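S.K.: One-letter residues, chain by chain:
There are 6 protein chains.
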Amino acid sequence: MATLPLISDEEASAEVLAVFDDIRAVRGTDYVNNFWRALAHDPALLAATWGRLKDVMGPGALDPLVKEMLYVAVSVANGCEYCIHSHTAAARAKGMTQAQYGELLSVIGMAMQTNGLVTAMQVPVDEVFEV
Amino acid sequence: MATLPLISDEEASAEVLAVFDDIRAVRGTDYVNNFWRALAHDPALLAATWGRLKDVMGPGALDPLVKEMLYVAVSVANGCEYCIHSHTAAARAKGMTQAQYGELLSVIGMAMQTNGLVTAMQVPVDEVFEV
Amino acid sequence: MATLPLISDEEASAEVLAVFDDIRAVRGTDYVNNFWRALAHDPALLAATWGRLKDVMGPGALDPLVKEMLYVAVSVANGCEYCIHSHTAAARAKGMTQAQYGELLSVIGMAMQTNGLVTAMQVPVDEVFEV
Amino acid sequence: MATLPLISDEEASAEVLAVFDDIRAVRGTDYVNNFWRALAHDPALLAATWGRLKDVMGPGALDPLVKEMLYVAVSVANGCEYCIHSHTAAARAKGMTQAQYGELLSVIGMAMQTNGLVTAMQVPVDEVFEV
Amino acid sequence: MATLPLISDEEASAEVLAVFDDIRAVRGTDYVNNFWRALAHDPALLAATWGRLKDVMGPGALDPLVKEMLYVAVSVANGCEYCIHSHTAAARAKGMTQAQYGELLSVIGMAMQTNGLVTAMQVPVDEVFEV
Amino acid sequence: MATLPLISDEEASAEVLAVFDDIRAVRGTDYVNNFWRALAHDPALLAATWGRLKDVMGPGALDPLVKEMLYVAVSVANGCEYCIHSHTAAARAKGMTQAQYGELLSVIGMAMQTNGLVTAMQVPVDEVFEV
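These protein sequence lines are chains D, S, E, X, F and A, in that order. With full-length UniProt numbering, the residue at position 35 of the first sequence is 35, and numbering never jumps. With full-length UniProt numbering, the residue at position 68 of the second sequence is 68, and numbering never jumps. With full-length UniProt numbering, the residue at position 76 of the third sequence is 76, and numbering never jumps. With full-length UniProt numbering, the residue at position 106 of the fourth sequence is 106, and numbering never jumps. With full-length UniProt numbering, the residue at position 5 of the fifth sequence is 5, and numbering never jumps. With full-length UniProt numbering, the residue at position 46 of the sixth sequence is 46, and numbering never jumps.
For reference, chain D alone in the conformation it holds in the complex (with noise of 0.2 Å):
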């Protein structure tokens, strides 16, 4: 259950359906998911989320499935729920075998465990760290 309904295509405004359409284009399939519809009742922040998005996400220093594993990495820290699905969803669809999630979800334990234990004890950083 939304806080907002979800904006269909019939419902779009011309705006809206512009940036629908690119997100088709650019992912190269006909689904438009909840959160671009939920975002939809604020065109100009679902312009500039999506543009920012589609320039982050793309190929660069980073290779995409990368990026789809860290964006999971930190939706999990966040505990959200949507984000976790959605990215982890990303990421198999850019070809994260089994193993790989496997491997994924125990860096995500092993670092949750060593935030808790350095925070616990207030650990100083050591020198050799600084820049």
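Calculated from the structure, these hints are not laboratory results. Be aware that one or more of the hints could be misleading.
No copy labels: a pair is met if it fits in one copy or bridges any two.
Derived lysine to any residue pairs resembling SDA-like cross-links, with alpha carbons at most 20 Å apart [said to hold, decoys possible]:
#1 Lys94 x Phe129
#2 Lys94 x Ala61
#3 Lys94 x Asp63
#4 Lys94 x Gly60
#5 Lys94 x Glu127
#6 Lys54 x Ala44
#7 Lys94 x Glu130
#8 Lys54 x Pro43
#9 Lys94 x Val128
#10 Lys54 x Ala99
#11 Lys54 x Gly28
#12 Lys54 x Lys94
#13 Lys54 x Gln100
#14 Lys54 x Glu127
#15 Lys94 x Val26
#16 Lys54 x Trp36
#17 Lys94 x Val131
#18 Lys54 x Ala2
#19 Lys94 x Ile23
#20 Lys94 x Asp126
Source: prediction; values computed, not measured.
With the hints as your guide, set chains S, E, X, F and A onto chain D.
M.R.: Same frame as chain D, but now just chains S, E, X, F and A:
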């Protein structure tokens, strides 16, 4: 300022020294960082944490550099200062370029933003994302 | 699914009913929402929480609608689904327009993003920000 | 201690200087704070972040002071020290009184408390809160 | 809806079944809960997690019931729904009374509130708290 | 560096001094720690927070030492440095041994790890955990 004094080599028990020596051997450096010196107050916790970290962060289906960047991503979302410094340094030591770091930051920023938007709107998970 | 059954008016003790009645009087509605019915298992905690909430959220130096939006912002960053729903509804009941909600979402998204970037880079606080 | 050195005006590229100049012009001050000087290592990220911040935090359906207080609220829940300092300072610069700050703190404390209680009891969302 | 199907006894490998059997033996119940059935996709992660959990949560310097309540407290602050349900149930199975649960909730609520206030005001650590 | 100067006894109003005196009497020490001196800018918030803390943290169905350890656990998951220091010191003052502290750390680390794994896999709550 830690909640516990850091254990030097001189103060370490034989059990703790064995772990410190393994850290030195695996990492090819004489330096044992503060996290392990704080954890050394509980030798069983030290041994279990190091043993597991060695397994998880070693080579496997994911590249060790990718694992370090995932570690940074979790640590940022959790706000763990020490973890951010130590794993950013480790990622650099494993070859992370400035361009890769810039993209890591961009993905983290993007993920934080959409995590907040999704959570605020309580967007329901799309059926297509279900396993 | 709660970890505790919700307390109905029929099951409530006189002490709990007195709080429920005050909630109804202050809010001008017969409806007592689930949070209070769960908290009612501990009458002292119920009375202390309601008493304080009534003080804090009433009129003062800040507008009650602004207070509800601040509540939503905290709840989003904490990922508290119930809190997001109840305080978004309360903000609407206090007159939040769709344009204001859109800007609330935009600020939350922006703050989440820069929180992530600042934390990732461990930016030192500028002296000019010191009191 | 940042994970990156801060970029001075002397070290800045023309692209970065253009953003610094826009920050100065929009804010009516010569001072460019550390966040932008850290972000300047990635000129595209700097430009995108500043461009979006300028849009989001400007006047609109919500008062700029309200936006700053919302920013503080998110930053507190995320535990971002730098963000808390810079946006508390910005809220003061935009006229936040001590009484308003006291109420901001009270709402944040109240929201944190009830977020914890609701989450602990896993209270189900009331149907009346559904859109 | 998990991101992975749960592994039944019939689908489990010998390695996974050995862990499931140990869970049954240690806990004195036939029931293996969903967490272990999801984790079973990665047998090494399953074995490492169960092995460590068994050590950590067993009797020692702290009472097993106290450990379960500490687990609930961490899980609430992290917003982990599953963890809250499973460890609240475990605490009840280990004898947590309603009065103890009420106090657990009160401490969690109090800690969340003062965490928010302290973080908002960025209170410096008193020297007397230093080790 | 706080966002507010700390209020000394000399600067305190009669209303604030009355709370400071009660803190001294209840704790059997002359020392009033920084949290209360920061909160003193808002006497009503100071009085409400101290009044509630005194009730919640006193003896009851849970041991005061257990309550301090629960406070530490919440504060670690929230990453509140001040809270971790002050409540770890309080737990030590109430008799926490090094072995108990080691187990507290172990439970926190374990809970953080499984919180991350459960959240990453979005494990559905078992029916047996329902009330």
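S.K.: For every hint, state whether the structure bears it out.
M.R.: Hints and how they fare:
1. Lys94 x Phe129: Between copies only: 14 Å across chains, 34 Å inside a chain, cut-off 20 Å.
2. Lys94 x Ala61: both (17 Å within a copy, 15 Å between copies)
3. Lys94 x Asp63: both (10 Å within a copy, 16 Å between copies)
4. Lys94 x Gly60: Both: 15 Å inside a chain and 19 Å across chains, each within 20 Å.
5. Lys94 x Glu127: Between copies only: 19 Å across chains, 39 Å inside a chain, cut-off 20 Å.
6. Lys54 x Ala44: both (15 Å within a copy, 14 Å between copies)
7. Lys94 x Glu130: between (36 Å within a copy, 16 Å between copies)
8. Lys54 x Pro43: Close inside one copy (16 Å) and across copies (17 Å); limit 20 Å.
9. Lys94 x Val128: between (37 Å within a copy, 15 Å between copies)
10. Lys54 x Ala99: For Lys54 and Ala99, the Cα distance is within 20 Å only across copies (18 Å; inside one copy 28 Å).
11. Lys54 x Gly28: The answer is within: 13 Å in one copy meets 20 Å, while 33 Å across copies does not.
12. Lys54 x Lys94: The answer is within: 15 Å in one copy meets 20 Å, while 28 Å across copies does not.
13. Lys54 x Gln100: For Lys54 and Gln100, the Cα distance is within 20 Å only across copies (17 Å; inside one copy 24 Å).
14. Lys54 x Glu127: Neither, since 38 Å and 23 Å both go past 20 Å.
15. Lys94 x Val26: within (14 Å within a copy, 33 Å between copies)
16. Lys54 x Trp36: Classified as within; 13 Å inside a copy, 23 Å across copies.
17. Lys94 x Val131: For Lys94 and Val131, the Cα distance is within 20 Å only across copies (16 Å; inside one copy 35 Å).
18. Lys54 x Ala2: This pair counts as neither: shortest intra-copy Cα distance 24 Å, inter-copy 27 Å.
19. Lys94 x Ile23: within (17 Å within a copy, 35 Å between copies)
20. Lys94 x Asp126: This pair counts as between: shortest inter-copy Cα distance 18 Å, intra-copy 38 Å.
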